[in-house]
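Novice: If you want the building blocks of each chain, they are given just below.
Protein chains: 4
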Amino acid sequence: MNITLEQAEKIIAEAKSKSTALDTKMNIAVVDAGANLVAFARMDGAWLGSLDIAIKKAKTARFFDMNTGAIGELSQPGGSLYNIEHSNNGLITFPGGVLIKDAEGTIIGAIGVSGSSVENDHAVAEAGASAI
Amino acid sequence: MNITLEQAEKIIAEAKSKSTALDTKMNIAVVDAGANLVAFARMDGAWLGSLDIAIKKAKTARFFDMNTGAIGELSQPGGSLYNIEHSNNGLITFPGGVLIKDAEGTIIGAIGVSGSSVENDHAVAEAGASAI
Amino acid sequence: MNITLEQAEKIIAEAKSKSTALDTKMNIAVVDAGANLVAFARMDGAWLGSLDIAIKKAKTARFFDMNTGAIGELSQPGGSLYNIEHSNNGLITFPGGVLIKDAEGTIIGAIGVSGSSVENDHAVAEAGASAI
Amino acid sequence: MNITLEQAEKIIAEAKSKSTALDTKMNIAVVDAGANLVAFARMDGAWLGSLDIAIKKAKTARFFDMNTGAIGELSQPGGSLYNIEHSNNGLITFPGGVLIKDAEGTIIGAIGVSGSSVENDHAVAEAGASAI
Chain A
1 MNITLEQAEK IIAEAKSKST ALDTKMNIAV VDAGANLVAF ARMDGAWLGS
51 LDIAIKKAKT ARFFDMNTGA IGELSQPGGS LYNIEHSNNG LITFPGGVLI
101 KDAEGTIIGA IGVSGSSVEN DHAVAEAGAS AI
Chain B
1001 MNITLEQAEK IIAEAKSKST ALDTKMNIAV VDAGANLVAF ARMDGAWLGS
1051 LDIAIKKAKT ARFFDMNTGA IGELSQPGGS LYNIEHSNNG LITFPGGVLI
1101 KDAEGTIIGA IGVSGSSVEN DHAVAEAGAS AI
Chain C
2001 MNITLEQAEK IIAEAKSKST ALDTKMNIAV VDAGANLVAF ARMDGAWLGS
2051 LDIAIKKAKT ARFFDMNTGA IGELSQPGGS LYNIEHSNNG LITFPGGVLI
2101 KDAEGTIIGA IGVSGSSVEN DHAVAEAGAS AI
Chain D
3001 MNITLEQAEK IIAEAKSKST ALDTKMNIAV VDAGANLVAF ARMDGAWLGS
3051 LDIAIKKAKT ARFFDMNTGA IGELSQPGGS LYNIEHSNNG LITFPGGVLI
3101 KDAEGTIIGA IGVSGSSVEN DHAVAEAGAS AI
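Protein chains in written order, with my numbering: chain A, 1 to 132; chain B, 1001 to 1132; chain C, 2001 to 2132; chain D, 3001 to 3132.
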């Protein structure tokens, strides 16, 4: 199973809505089960540098099938996955990347959000992932 | 002046509609005046390899403020811009990248489309660019 | 549907057998439906430079759902896809990349072979793809 | 002396067997004395992001002729090799990369394993390296 564009667009719409509710401006990326981009939106005035971060967060979540923040806890100095970020042409391992699952719980893709605090980024990603 | 996300989404919707009318499956990318991605959509079943090409076409059009096909005529062996594709982390210089202008004719971004013949790619990009 | 490792290993075994029959030494790569590597083998004495080519051929075939040689016919100087090789971190568009389909004809991956003439590369790739 | 494909395949078979015994799903890469890929296998359901990590672990071990974890102890903040991971298009310096030696103790290649905890990754790499 793989995410459809219709599902990805519903997810982005919900993420935009949550971002507006939080008074933030986000870059929002959705990748499929193969970690390839399906849909993307950069809200007006969102940080340019967050464009790449949003895409890398979505890919990172799918690469390891967990939220990005969970990887970041292990990649700290002295941690078991220190500097894992150098793999896969660059990972982003702080919060804002969340898995997308279908009704049966199968992973069908991931969403990555960047543009505000990591707490807000994660909240917007969660809101998006919950849209389907 | 720069393209807004709302405009980019209108452009993508129109491009998707044209793509469906042509019975094709496209990757569609919209970049702003700074050649940075604003919105993207990969239609279900569209070629994976066209993801990167669609984005590169949009960037290429804005990099030189002309349709991608016009650059490709100059980059042939013996041409004045031979192998310009090696610059900017890779250009795509065949048709499918088209400038987006506002009502006054100011360039505010570009659209890149990939997934079918270059004729269809260009037609879908033109339809998208004409949406605003 | 996606290729399994068991299927990929059967394909590589068949490709190695064909390569030996042709008195060649090949690099053989198999990617899944997401164009990600599943299995790889470099036969003793095979060209080192063919390692990357074999992987790129497999990816290229899946990126556009056709044999690599078909793309190469369109990417020549003056062709409609001239210099498409600059996309996707480098394509290889001469023969040796072949799609892998299941019994129902669904594309589940691709094989890329490099190490001899393009005729031999293609013959080995075909032999591998026919193993399942 | 250099590793043969037959040896590399025996190593991968042993590593898969150990991985199954540990109830894990691994990406397994074997490089030769020149740090170039010889054989690779991604077990069904293994993390996509571990593909690149397994290959980088194998290369890293051979690049410096020591297990990857030993390098990671020196690359921490304040350490003598701080951020060495930036070299060679990206190193991975946590456990899971192990040297492969022949009967005389000569280094003939390296194995890299990724897909579980670093303890499991290392155990599977050790099992593989001990197969010859």
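Quick caveat, the hints were computed from the structure, so don't treat them as lab data. It is possible that part of the hints are untrue.
As the list claims (entries may be wrong) - Some chain D residues judged to face chain A by a derived CB distance under 8 Å, without partners named:
#, residue
1, A3013
2, S3017
3, A3021
4, W3047
5, G3049
6, D3052
7, E3085
8, A3103
9, V3118
What the hints assert, rightly or not - Simulated restraints, written as ranges between beta carbons of each label pair:
#, chain 1, residue 1, chain 2, residue 2, range
10, C, G2090, A, S117, 34 to 42 Å
11, D, A3070, B, A1013, 54 to 62 Å
12, B, D1102, D, S3117, 37 to 45 Å
What the hints assert, rightly or not - Taking lysine to aspartate or glutamate and the EDC-like style, the derived pairs with C-alpha atoms no more than 20 Å apart in a straight line are:
#, chain 1, residue 1, chain 2, residue 2
13, A, K25, A, D44
14, C, K2101, D, E3014
15, B, K1025, C, D2065
16, C, K2025, C, E2126
17, C, K2010, D, E3014
18, B, K1025, B, D1102
19, C, K2101, B, D1044
20, A, K16, A, E6
21, C, K2010, C, E2085
22, C, K2025, D, E3009
23, D, K3016, C, E2006
In this text, all values refer to a predicted model and were calculated from it rather than measured experimentally. Every residue gets a Cβ at the ideal spot worked out from N, C-alpha and C, and that includes glycine.
Novice: Would the pair K2025/C and E2126/C pass a check requiring their Cα atoms to be no farther apart than 20 Å?
Specialist: 16 Å, holds
Novice: Do the numbers back the hint for A3103/D, that is, is its least Cβ distance to chain A under 8 Å?
Specialist: 33 Å, violated
Novice: Is the straight-line distance between the alpha-carbon of K1025/B and that of D2065/C 20 Å or less?
Specialist: Holds - the C-alpha atoms of D2065/C and K1025/B are around 13 Å apart, at most 20 Å.
Novice: Verify the interface restraint on S3017/D: the C-beta must sit less than 8 Å from at least one C-beta of chain A.
Specialist: Status violated, d = 24 Å.
Novice: Going straight from one Cα to the other, do K25/A and D44/A come out at no more than 20 Å?
Specialist: This hinted pair holds, its Cα atoms lying about 7 Å apart.
Novice: Can G3049/D be said to touch chain A, with a Cβ gap under 8 Å?
Specialist: 3 Å, holds
Novice: For the pair supplied as a hint, K2010/C and E3014/D, confirm whether the alpha-carbon distance does not exceed 20 Å.
Specialist: Distance ~17 Å between K2010/C and E3014/D Cα, so the pair holds.
Novice: Verify the interface restraint on D3052/D: the C-beta must sit less than 8 Å from at least one C-beta of chain A.
Specialist: OK, holds: D3052/D within 8 Å of chain A, min 5 Å.
Novice: At a threshold of 8 Å, is the proposed contact between E3085/D and chain A supported by beta-carbon distances?
Specialist: 4 Å, holds
Novice: Take a quick look at whether K16/A and E6/A sit within 20 Å of each other, Cα to Cα.
Specialist: At roughly 15 Å apart (the allowed maximum being 20 Å), E6/A and K16/A satisfy the hint.
Novice: Restraint: V3118/D near chain A, CB-CB cut 8 Å. Satisfied or not?
Specialist: With a closest approach of 5 Å, the V3118/D hint holds.
Novice: Has the given pair, K1025/B with D1102/B, been kept, meaning a C-alpha gap of at most 20 Å?
Specialist: Distance ~27 Å between K1025/B and D1102/B Cα, so the pair is violated.
Hint compliance for this structure: hints 1, 2, 3, 8, 12, 14, 18, 21 are not met, and every other hint is.
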